[in-house]
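**Student:** Taken in sequence, the protein lines are chains P and B.
Quick note on the numbering used here: the first sequence kicks off at 1 and runs consecutively.
Quick note on the numbering used here: the second sequence kicks off at 1 and runs consecutively.
Keep in mind the hints are simulated off the structure, nothing from the lab.
Be a bit skeptical, because a hint or two may be false.
Unchecked claim - Here are the in silico distance ranges between beta carbons for each label pair:
no., chain 1, residue 1, chain 2, residue 2, range
1, P, M27, B, S68, 33 to 39 Å
2, B, T20, P, E62, 35 to 41 Å
3, P, E69, B, G59, 38 to 44 Å
4, B, P8, P, Y99, 27 to 33 Å
5, B, A81, P, R14, 19 to 25 Å
6, P, D38, B, V44, 17 to 23 Å
7, B, L75, P, D38, 44 to 50 Å
Unchecked claim - A short, non-exhaustive set of chain B residues, derived as facing chain P with CB atoms under 7 Å:
no., residue
8, L11
9, H45
10, R54
11, K56
12, F104
As the list claims (entries may be wrong) - SDA-like mimics (lysine to any residue), calculated; alpha carbons at most 25 Å apart, straight line:
no., chain 1, residue 1, chain 2, residue 2
13, B, K26, P, G40
14, B, K26, B, G59
15, P, K53, P, P39
16, B, K113, P, G40
Treat the numbers as computed from the prediction; the structure is a model and nothing was measured.
Cβ atoms here follow ideal geometry from the backbone N, Cα and C, with glycine treated the same way.
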Amino acid sequence: DVKVTQSSRYLVKRTGEKVFLECVQDMDHENMFWYRQDPGLGLRLIYFSYDVKMKEKGDIPEGYSVSREKKERFSLILESASTNQTSMYLCASSWRTEYNEQFFGPGTRLTVL
Amino acid sequence: SQQGEEDPQALSIQEGENATMNCSYKTSINNLQWYRQNSGRGLVHLILIRSNEREKHSGRLRVTLDTSKKSSSLLITASRAADTASYFCATDAGYGGSQGNLIFGKGTKLSVKP
């Protein structure tokens, strides 16, 4: 069974704090993704990575950065958290094929006060 | 950038009834996928249909794809209370497809009453 784990299910942080969200997958997938999900807006892609040390901006990268030092791990960093970054964050991974499915982690609900 | 749009936004049915959800998209695709999300959890892949396929079945799920109308439908037959969830369609980005990017719609919230 493919497993994608995220470091926290719930997280509460203060405005201005640096926040790290970690994602680990155990299927040797090339691709990894970070999304945020907000009511009425669906899933929006923040960043993705198709290889170690590679990263590409998604639709809403502002205020975020990522790190992929190892194939199985993809970290999302909020350099200075703001209240408008309160959201559900979902990590996913997939093989780098044309007909791929994405495997999702359970999500991290982040609240920034 | 939104690609797939599901319709309806919300659907409420009785157990045993069929549930149909629709998805429309704008640009050409390589494949279209459906995912399910239970409340507050991650998404789970249900089924993938390729652009050269018209219909696909998996258990109680039936997916159709009409590339001329740029639309797809997901039918859940004999629904159960456990099918209560949000359902999302997702299309590949249509470019750099080998990188596996998907664009998700906003979802249909299905409620199945026992």
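**Student:** Please go over all the hints and tell whether each is borne out by the structure.
**Tutor:** Here is how each hint holds up against the structure:
1. Between M27 (chain P) and S68 (chain B) the beta carbon distance is about 36 Å. The supplied range of 33 to 39 Å therefore holds.
2. At about 38 Å, the CB distance of T20 (chain B) to E62 (chain P) agrees with the hint of 35 to 41 Å.
3. Between E69 (chain P) and G59 (chain B) the Cβ separation comes to about 40 Å, which falls inside the hinted range of 38 to 44 Å.
4. Distance hint check: the CB atoms of P8 (chain B) and Y99 (chain P) are about 28 Å apart, consistent with the given range 27 to 33 Å.
5. One distance hint, 19 to 25 Å for the beta-carbon pair A81 (chain B) and R14 (chain P), is violated here, with the actual separation near 40 Å.
6. Between D38 (chain P) and V44 (chain B) the C-beta distance comes to about 20 Å, which sits within the given range of 17 to 23 Å.
7. Taken as a hint, the range 44 to 50 Å is violated for the pair L75 (chain B) and D38 (chain P), whose Cβ atoms sit roughly 28 Å apart.
8. With a cut of 7 Å, the hint placing L11 (chain B) at the interface with chain P is violated, because the nearest CB-to-CB distance is about 17 Å.
9. Interface restraint check for H45 (chain B): the shortest CB-CB distance to chain P comes to about 4 Å, inside 7 Å, so the restraint holds.
10. Interface hint at R54 (chain B): violated, since its Cβ lies 16 Å from the closest Cβ of chain P, which is beyond the 7 Å cut-off.
11. For K56 (chain B), the interface hint is violated, since its Cβ never comes within 7 Å of a Cβ in chain P; the closest pair sits about 12 Å apart.
12. With its C-beta approaching chain P no nearer than about 4 Å, F104 (chain B) sits inside the 7 Å limit, and its interface hint holds.
13. Distance check on the hinted pair: K26 (chain B) and G40 (chain P) sit about 19 Å apart at the alpha-carbon level, within 25 Å; holds.
14. Proposed proximity of K26 (chain B) and G59 (chain B) is contradicted: the alpha carbons are some 29 Å apart, above 25 Å.
15. A C-alpha spacing of about 32 Å is found between K53 (chain P) and P39 (chain P), which places the hinted pair above 25 Å, so the restraint is violated.
16. For the suggested pair K113 (chain B) and G40 (chain P), the alpha carbons sit about 23 Å apart, so the restraint of at most 25 Å is met.
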